[in-house]
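4 protein chains.
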Amino acid sequence: MGGNNFGHVFKLMTYGESHGKAIGGIIDGCPANLKLDLEKVQLDLDRRKPGQSAIVTQRKESDKVEFLSGLFEGKTTGAPIGFQIPNADQKSKDYDHIKDVYRPSHADFTYTKKYGNRDYRGGGRSSARETACRVVAGAIAKQLIDPIKITAFTSSIGEIKLSKTYQELDFKHIEKNSVRCPDQDLANKMITHIKSIRKQGDTIGGIVACVIQNVPVGLGEPVFDKLHAQLGKAMLSINAVKGFEYGSGFKGTTMKGSDHNDSFTKDGKTSTNYSGGIQGGISNGMDIYFNVAFKPVATLIRDQNSIDKDHNEVTVKGKGRHDPCVVPRAIPIVEAMAALVMADFYLMNKSSNL
Amino acid sequence: MGGNNFGHVFKLMTYGESHGKAIGGIIDGCPANLKLDLEKVQLDLDRRKPGQSAIVTQRKESDKVEFLSGLFEGKTTGAPIGFQIPNADQKSKDYDHIKDVYRPSHADFTYTKKYGNRDYRGGGRSSARETACRVVAGAIAKQLIDPIKITAFTSSIGEIKLSKTYQELDFKHIEKNSVRCPDQDLANKMITHIKSIRKQGDTIGGIVACVIQNVPVGLGEPVFDKLHAQLGKAMLSINAVKGFEYGSGFKGTTMKGSDHNDSFTKDGKTSTNYSGGIQGGISNGMDIYFNVAFKPVATLIRDQNSIDKDHNEVTVKGKGRHDPCVVPRAIPIVEAMAALVMADFYLMNKSSNL
Amino acid sequence: MGGNNFGHVFKLMTYGESHGKAIGGIIDGCPANLKLDLEKVQLDLDRRKPGQSAIVTQRKESDKVEFLSGLFEGKTTGAPIGFQIPNADQKSKDYDHIKDVYRPSHADFTYTKKYGNRDYRGGGRSSARETACRVVAGAIAKQLIDPIKITAFTSSIGEIKLSKTYQELDFKHIEKNSVRCPDQDLANKMITHIKSIRKQGDTIGGIVACVIQNVPVGLGEPVFDKLHAQLGKAMLSINAVKGFEYGSGFKGTTMKGSDHNDSFTKDGKTSTNYSGGIQGGISNGMDIYFNVAFKPVATLIRDQNSIDKDHNEVTVKGKGRHDPCVVPRAIPIVEAMAALVMADFYLMNKSSNL
Amino acid sequence: MGGNNFGHVFKLMTYGESHGKAIGGIIDGCPANLKLDLEKVQLDLDRRKPGQSAIVTQRKESDKVEFLSGLFEGKTTGAPIGFQIPNADQKSKDYDHIKDVYRPSHADFTYTKKYGNRDYRGGGRSSARETACRVVAGAIAKQLIDPIKITAFTSSIGEIKLSKTYQELDFKHIEKNSVRCPDQDLANKMITHIKSIRKQGDTIGGIVACVIQNVPVGLGEPVFDKLHAQLGKAMLSINAVKGFEYGSGFKGTTMKGSDHNDSFTKDGKTSTNYSGGIQGGISNGMDIYFNVAFKPVATLIRDQNSIDKDHNEVTVKGKGRHDPCVVPRAIPIVEAMAALVMADFYLMNKSSNL
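Protein sequence lines, in the order shown, are assigned to chains A, B, C and D. Residue 5 is where the first sequence starts when you use our numbering, and the numbers rise one by one after that. Residue 5 is where the second sequence starts when you use our numbering, and the numbers rise one by one after that. Residue 5 is where the third sequence starts when you use our numbering, and the numbers rise one by one after that. Residue 5 is where the fourth sequence starts when you use our numbering, and the numbers rise one by one after that.
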């Protein structure tokens with residue numbers, strides 16, 4: 005079937021492997037006459053790209069997006085928007101050592117079994133490199149849904165966790181450190197921890213928090229396409245994600261209804277927001293907030309035991325240039341996927357009522 | 005747009021409000037010649053229905069499903085399967101007191117604002133009653149994907165939590181108590197707790213765990229329709245769900261890669277299963293397991309302050325017949341949604357490889 | 005996969021065989037707050053139903069539609085609209101003689117080979133009875149797209165053809181005769197011809213013309229979902245249809261560009277309309293008009309040679325109650341499918357431009 | 005909504021305007037391990053490209069397709085196939101004279117009104133140039149469905165029509181003349197006629213016939229996605245198409261059922277084939293054949309009266325390099341769209357029966 009398309013009205017289809025000529029995508033359904041700031045698109049790509057700081061992979065990719073259609077004189081035309089990002093740094097040789105090997109907790113095994121072949125060059129389609137296309141499309145979606153504002157940041161790295169609520173934080177600080185945590189002191193601890201983990205040739209997981217503000221009431225299409233259900237799918241489709249919770253989340257399961265219910269105030273707002281801005285699958289105008297759990301990166305810079313395609317025991321050598329923690333670079337990806345979901349529901353909602 | 009359809013190949017569309025004449029649905033894409041045991045379908049409906057035990061709502065619904073098409077001589081024909089469940093116990097008068105009122109943490113407010121009208125009879129389309137249709141379709145999906153086996157059970161009620169892993173439990177005990185927890189001692193504590201909560205006119209949340217066994221390698225359609233992404237969406241589309249995690253989940257974010265990676269054994273299995281049976285969005289043949297977080301039910305049997313449609317302050321009276329905890333009745337719903345997802349990917353996978 | 009759903013935004017899914025308990029459907033995506041005149045829905049059903057005149061099948065079906073959800077106090081609520089039509093006149097015994105036989109030019113053979121089973125009761129899902137559900141949904145779509153007006157009529161029966169253009173006809177006469185041709189003299193000839201054909205136990209084909217008026221500029225979604233492409237698919241999905249042409253159609257292939265081009269007038273209209281109201285797949289505000297070709301009904305009231313499921317030669321007995329010509333009853337079906345297409349594009353167009 | 009995607013399982017999305025940097029597309033859902041002959045893809049592109057003979061536009065486009073993903077070592081990998089075709093010959097200046105003008109029977113008017121902007125460079129997205137991407141995808145689909153064989157040819161140019169049935173023709177002659185008519189004598193007359201039309205600065209329409217052979221029984225997904233309904237949509241989505249008929253087509257409307265019915269022979273074939281290889285929307289194993297009507301090209305090399313965007317009367321100058329007849333170059337496009345439809349149903353059918 006393929007599963008390389010996302011969205012019902014604001015639609016994205018992507019292609020590309022980590023070590024092919026290029027990756028790219030097509031956005032179909034973006035309304036005409038949207039004035040686009042393409043520098044903002046590149047800016048989001050730069051937030052995601054490798055080599056941007058000391059705590060991410062040192063692989064070099066300039067990640068310059070080129071738009072091929074759908075734009076004219078600075079605006080969308082209503083035609084599909086084709087774009088591509090060349091793959092600059094194709095060191096396929098780096099992967100000769102894993103050609104026939106199933107790396108632990110990678111997709112080598114499942115892709116080979118499902119599709120009956122092995123594109124061993126860096127993970128092929130399963131590489132997180134494809135998420136660059138999501139960032140491009142998401143950066144356009146962000147401009148479509150303005151003034152809805154999406155902000156993601158690092159909430160935890162391993163056991164180092166933000167204890168403040170998002171209301172207590174100043175989002176302006178997020179981009180001021182390389183780990184993208186708005187609490188500067190905690191950010192420093194996180195960075196130190198990641199560096200320490202990297203020295204061990206190891207990796208670590210973490211949690212990304214995301215807040216969506218200025219949301220109009222009414223977005224979401226129950227019963228199956230609830231707003232949070234589609235947000236959850238979007239987040240879980242990002243490489244390395246293991247969990248999603250919104251509003252009170254897993255902690256909410258321990259609460260009583262009398263504590264959990266959000267009382268209305270006379271302006272139609274609620275005094276608390278355990279609902280996370282969504283009731284019955286539809287936005288209620290309060291802030292939407294959610295957490296996304298990222299596992300530790302599977303590629304280690306140390307030897308691991310594994311098997312090859314003939315099920316012989318082998319040693320997987322730890323080498324190459326990899327992220328010790330995926331969380332800092334995941335921030336713009338989480339934002340992009342949230343933007344794609346919000347843009348889709350924003351357009352869908354135009355036909356919900358006469 | 006509507007959002008009342010689910011699935012790409014094994015497709016379900018549903019209709020119906022809690023207090024209309026009937027609810028029902030259509031399954032399209034179920035392969036022909038599937039021998040169906042309709043008693044098993046009714047059995048799953050009975051596990052979901054109101055009034056089945058002392059800890060669930062005492063609302064009476066016989067919930068007998070009637071099949072209208074797509075079956076002939078005990079087998080599916082390839083034609084769409086139409087079915088309906090009459091709404092037997094329509095006490096619309098019970099809802100007169102909330103006709104113009106927005107109940108806290110219900111969908112009254114958002115539905116009214118989105119659609120511009122109010123079907124005040126018991127929540128209308130936002131009522132969890134619609135999940136009965138999911139159970140019907142899921143019970144058919146289960147038979148399609150046999151021998152894939154889906155088992156859900158109660159993992160926590162409030163702070164009372166199972167500490168054993170699913171491998172340490174005997175699933176045969178799940179249906180032996182009304183809270184559907186396979187640990188009998190813990191089940192008793194949970195039941196006692198729910199009864200106590202009910203006496204206070206209050207409600208409590210909990211977590212449902214689900215395990216999928218005998219899964220073939222290869223199910224899932226990356227990059228957007230990853231197996232766990234679609235499972236997550238399916239679960240989050242169930243009323244009252246606030247979170248989803250699979251495999252190591254949120255706890256996995258605190259682990260190092262060297263601990264988290266699942267080593268292959270010579271038979272192509274893995275010695276640990278932090279991956280939760282899925283790598284790169286595709287099943288790897290190990291057990292799939294996940295948790296689903298349910299918030300406390302919003303309807304309380306106590307008075308609450310709220311506002312009406314004109315934003316006047318009002319008191320919402322606590323009356324009616326409601327669940328003090330949604331978890332026990334949610335077990336078959338979680339299973340049904342998992343079955344729909346697995347059936348969909350099972351059929352999709354038929355065209356992934358020559 | 006199933007193919008029992010139609011439309012992208014205004015979505016219809018249907019179920020039901022000719023001799024099951026009921027047929028029915030679900031409309032998802034109809035905007036909320038549409039005031040519905042349900043008598044108009046029944047009126048269109050009555051125009052399609054068997055037994056309404058001397059030139060159609062005498063099979064008795066009251067064809068009363070029952071709405072089960074999605075309506076409240078005379079308006080749509082935004083929830084899916086479930087409806088059903090009971091099958092009143094199930095004479096399954098009538099079909100015992102064809103139980104194992106493949107009737108010539110019926111779907112018996114292909115359904116049996118595709119699905120591996122035979123629901124021999126009157127054609128099962130392949131019966132045109134399912135089109136009653138299309139008429140229900142189309143009658144609702146008509147009310148949504150008002151003042152867009154859709155008018156279908158009989159253009160030819162066999163060799164008896166209307167020579168007037170649609171502009172020369174008075175549509176008020178269409179429903180004044182049983183063959184639904186607006187030229188009363190020609191209608192009488194058609195009726196006489198159909199009666200003569202019926203006496204021979206034979207059947208005859210014909211052409212339905214359809215005109216769509218008051219169309220706003222801008223409906224249609226190129227490049228694949230062109231307005232006329234979707235209209236064509238909709239018509240070709242109706243039982244017995246063999247062809248579709250719009251505007252100048254097949255005759256236009258013999259014209260020169262200098263004759264075929266439609267010159268603009270200063271009001272943005274065109275002086276001719278060979279384009280048929282659509283340029284580049286998008287409505288231009290002029291009338292849309294098209295022809296739909298219906299083959300002669302395959303069921304004859306005379307014996308025919310055929311084969312059975314074991315490929316033995318057999319005689320198919322000609323008996324039962326069947327239409328000598330499908331065209332008069334096809335008029336509301338053509339209108340319904342056109343309405344579904346127009347409603348879908350009408351809603352889609354809401355997000356084409358900022 | 006966009007309408008730039010086609011297909012349910014074998015999916016194509018395309019982008020690109022006639023005078024942008026490139027056009028291209030993504031194929032998602034092509035099964036893994038299909039061995040691809042890329043020269044055959046280029047060959048079909050060459051059959052479509054401008055400048056190939058004296059009777060088509062002399063615009064120069066090398067039309068070399070580049071594949072960017074989804075292929076490895078000569079086979080498909082199961083990942084999406086991205087491809088692009090650079091636009092070599094962008095003479096945007098050629099279009100300055102029509103910048104603000106609505107050309108008669110072009111899409112200038114409708115695109116401008118729908119999307120609120122005007123990409124005046126050669127028709128933008130409405131140019132038939134986008135069909136090159138369909139040819140690429142179709143050429144891959146052809147290889148997937150082998151040995152199903154699709155053959156299109158010119159059946160008429162203006163009033164010059166083939167009178168032979170397709171069984172009387174030798175398809176090997178199709179590519180031996182520039183008009184692609186398998187009857188060499190008639191081909192010469194057609195070519196002479198097109199040249200004469202061109203000298204007048206005028207254009208002419210024609211009909212493309214298409215035959216699909218070696219079709220397995222069972223393709224098609226009733227009731228809405230009937231095989232011929234989807235073929236019809238596919239053909240009608242091609243620029244300049246005004247009509248579609250299959251099997252007996254419009255002529256079949258004048259026949260009696262006793263003549264039109266196809267009798268079965270003992271091998272499960274039929275002795276005649278008025279059904280056109282499809283019964284009830286499902287292939288029956290006989291040849292599928294259909295006709296596609298193309299209008300005369302709207303661009304003339306003579307002056308025409310029209311209006312501009314402010315509805316002032318203007319003269320549209322006739323200049324540029326255009327096809328006097330679209331039919332010869334449409335042959336590979338018709339084949340490509342038929343291949344996309346057949347590939348889609350071929351894959352869908354894998355899940356129709358256990």
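I should point out that these hints are in silico values taken from the structure, not numbers from a laboratory. Backbone N, C-alpha and C define an ideal beta-carbon position, used for all residues, glycine too. A couple of the hints might just be wrong.
As the list claims (entries may be wrong) - Chain C side only, calculated, beta carbon under 10 Å to chain A, not exhaustive:
(1) His-12
(2) Val-13
(3) Lys-103
(4) Pro-226
(5) Tyr-278
(6) Glu-317
(7) Ser-356
Let me make sure I understand: some of the numbered hints might not hold for this structure. Which ones are they, in numerical order?
Per hint list: 3, 5, 6 violated.
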